[in-house]
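Asks: Sequence:
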Amino acid sequence: MDQGSEDSSYSRSLRSSDDTCARHRVRWEASIHGKVTTEPDAGSLPINKVQISWELLDNDNATSVIASGQTTTGKAGIFDIVFNLEDYRLHVDADADAESSDFPVRVTFIKTTGDGGNATKHRFLCNQGEDDCTDKGVVLYLNHLEFNAPLHVYDDTSIPFRGKITVGDTGTPNGCAINAATVCLHHKSTRGTDNTLVCGETSFDGSYNLPIVIGSVVNSVNITYHDHEFLPSNDNEKNYTQGIVIKEGNRYDDNNFVDMTKARLFVDVVGGKCNKRMGNANIAVTIVGCPKWEGLGVTQSGTRGEHYVPAQLLNIAVSDFRDDADKRISYIFDHFQGTTPLERTINLR
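Numbering (the numbering used here), first residue to last: 1 to 349.
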């Protein structure tokens, strides 16, 4: 059979016509993989529900926004920003240098905990905790096909840790205030190292308000005031030894302590040059600057009395004077409580 010839209608061509070719424009793709946590010293705890806003900017005009969007961190504190865009401003010549092919992305962070007057605006740190990026955010530069660019942001938000320091046996929590006591919150690491987290002083009413970073663990509250001994007040049942983890959204109030330090007070009430006994003296002991405390009343029948009193700045006075039949000796009483009552101030701190 002759196969030397073919029908021209079945002839093939290896040429492509122009109308079978189409221009293909590559979409610009990249992504950011970020997370928001507390700082390493505060346990690197994940921060949930942080609102993340982003803007992809023109690398020739930083005020020109190519695209924008929002996302939110999950329970693990992680967020992802994915770019898959078609925009003429994202087209880069093949022979362009590396710098001109970088596109800036501005990322900002917002979170508020609490409502109304108790609302707390969170504070964020970028660049390994070096820069405060709470308001201005941070700018990253991305190339086409650069995926999972890392971004780690620290939440450095502080929560109030409040309490009051008062003198023991003068009422809780509204006893006599201790002013200018130094209060420090401490954390004990697993290695046994004691670290000071924050310190502050009590105010005139004995209250303190310390900013403690969320994620911190408080293992003890140390109070320094003339080497006195302090214990949690009756209304403070917190177990600091087990550790109190500072969590966002929680309140840390009523961390109240009382000064249990006592001092020995000797009071001599005598008559004449021979220091003779005159009768039974009622001694009133009050704390300077604390009129709401009724004070400590004691009776001494001898010339000298020994009393255990709060180790504070005290006022000492003879409030009454009676004989052994419990009748007031008026002329002696008038001497101590007359027109100008006699009062002595002594510092037992």
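No wet-lab data here; the hints were simulated from the structure.
Treat the numbers as computed from the prediction; the structure is a model and nothing was measured.
Ideal Cβ placement from N, Cα and C applies to all residues, glycine included.
Hints should not be assumed to be uniformly reliable.
Said to hold, decoys possible - Simulated pairs of lysine to any residue, SDA-like, Cα-Cα distance not exceeding 25 Å: (1) 49 / 188; (2) 121 / 41; (3) 188 / 136; (4) 75 / 212; (5) 238 / 113; (6) 35 / 117; (7) 121 / 145; (8) 35 / 89; (9) 121 / 131; (10) 35 / 172; (11) 327 / 305; (12) 49 / 110.
Stated by the list, open to error - FRET-style restraints, in silico, Cβ to Cβ: (13) 224 / 272: 43 to 49 Å; (14) 328 / 224: 42 to 48 Å; (15) 147 / 203: 35 to 41 Å; (16) 331 / 224: 46 to 52 Å; (17) 129 / 226: 45 to 51 Å; (18) 41 / 232: 24 to 30 Å; (19) 102 / 241: 50 to 56 Å; (20) 349 / 129: 37 to 43 Å; (21) 220 / 82: 15 to 21 Å; (22) 234 / 323: 18 to 24 Å; (23) 220 / 342: 42 to 48 Å; (24) 182 / 330: 37 to 43 Å; (25) 200 / 323: 51 to 57 Å.
Asks: Against this structure, judge whether each hint is valid.
Replies: Status of each hint after checking the structure:
| no. | hint | in the structure |
| --- | --- | --- |
| 1 | 49 / 188 | 30 Å, violated |
| 2 | 121 / 41 | 21 Å, holds |
| 3 | 188 / 136 | 35 Å, violated |
| 4 | 75 / 212 | 22 Å, holds |
| 5 | 238 / 113 | 23 Å, holds |
| 6 | 35 / 117 | 29 Å, violated |
| 7 | 121 / 145 | 35 Å, violated |
| 8 | 35 / 89 | 29 Å, violated |
| 9 | 121 / 131 | 17 Å, holds |
| 10 | 35 / 172 | 44 Å, violated |
| 11 | 327 / 305 | 20 Å, holds |
| 12 | 49 / 110 | 9 Å, holds |
| 13 | 224 / 272: 43 to 49 Å | 46 Å, holds |
| 14 | 328 / 224: 42 to 48 Å | 45 Å, holds |
| 15 | 147 / 203: 35 to 41 Å | 54 Å, violated |
| 16 | 331 / 224: 46 to 52 Å | 48 Å, holds |
| 17 | 129 / 226: 45 to 51 Å | 37 Å, violated |
| 18 | 41 / 232: 24 to 30 Å | 26 Å, holds |
| 19 | 102 / 241: 50 to 56 Å | 52 Å, holds |
| 20 | 349 / 129: 37 to 43 Å | 41 Å, holds |
| 21 | 220 / 82: 15 to 21 Å | 46 Å, violated |
| 22 | 234 / 323: 18 to 24 Å | 40 Å, violated |
| 23 | 220 / 342: 42 to 48 Å | 44 Å, holds |
| 24 | 182 / 330: 37 to 43 Å | 49 Å, violated |
| 25 | 200 / 323: 51 to 57 Å | 53 Å, holds |
The structure fails hints 1, 3, 6, 7, 8, 10, 15, 17, 21, 22, 24 (numbered hints given earlier, in ascending order).
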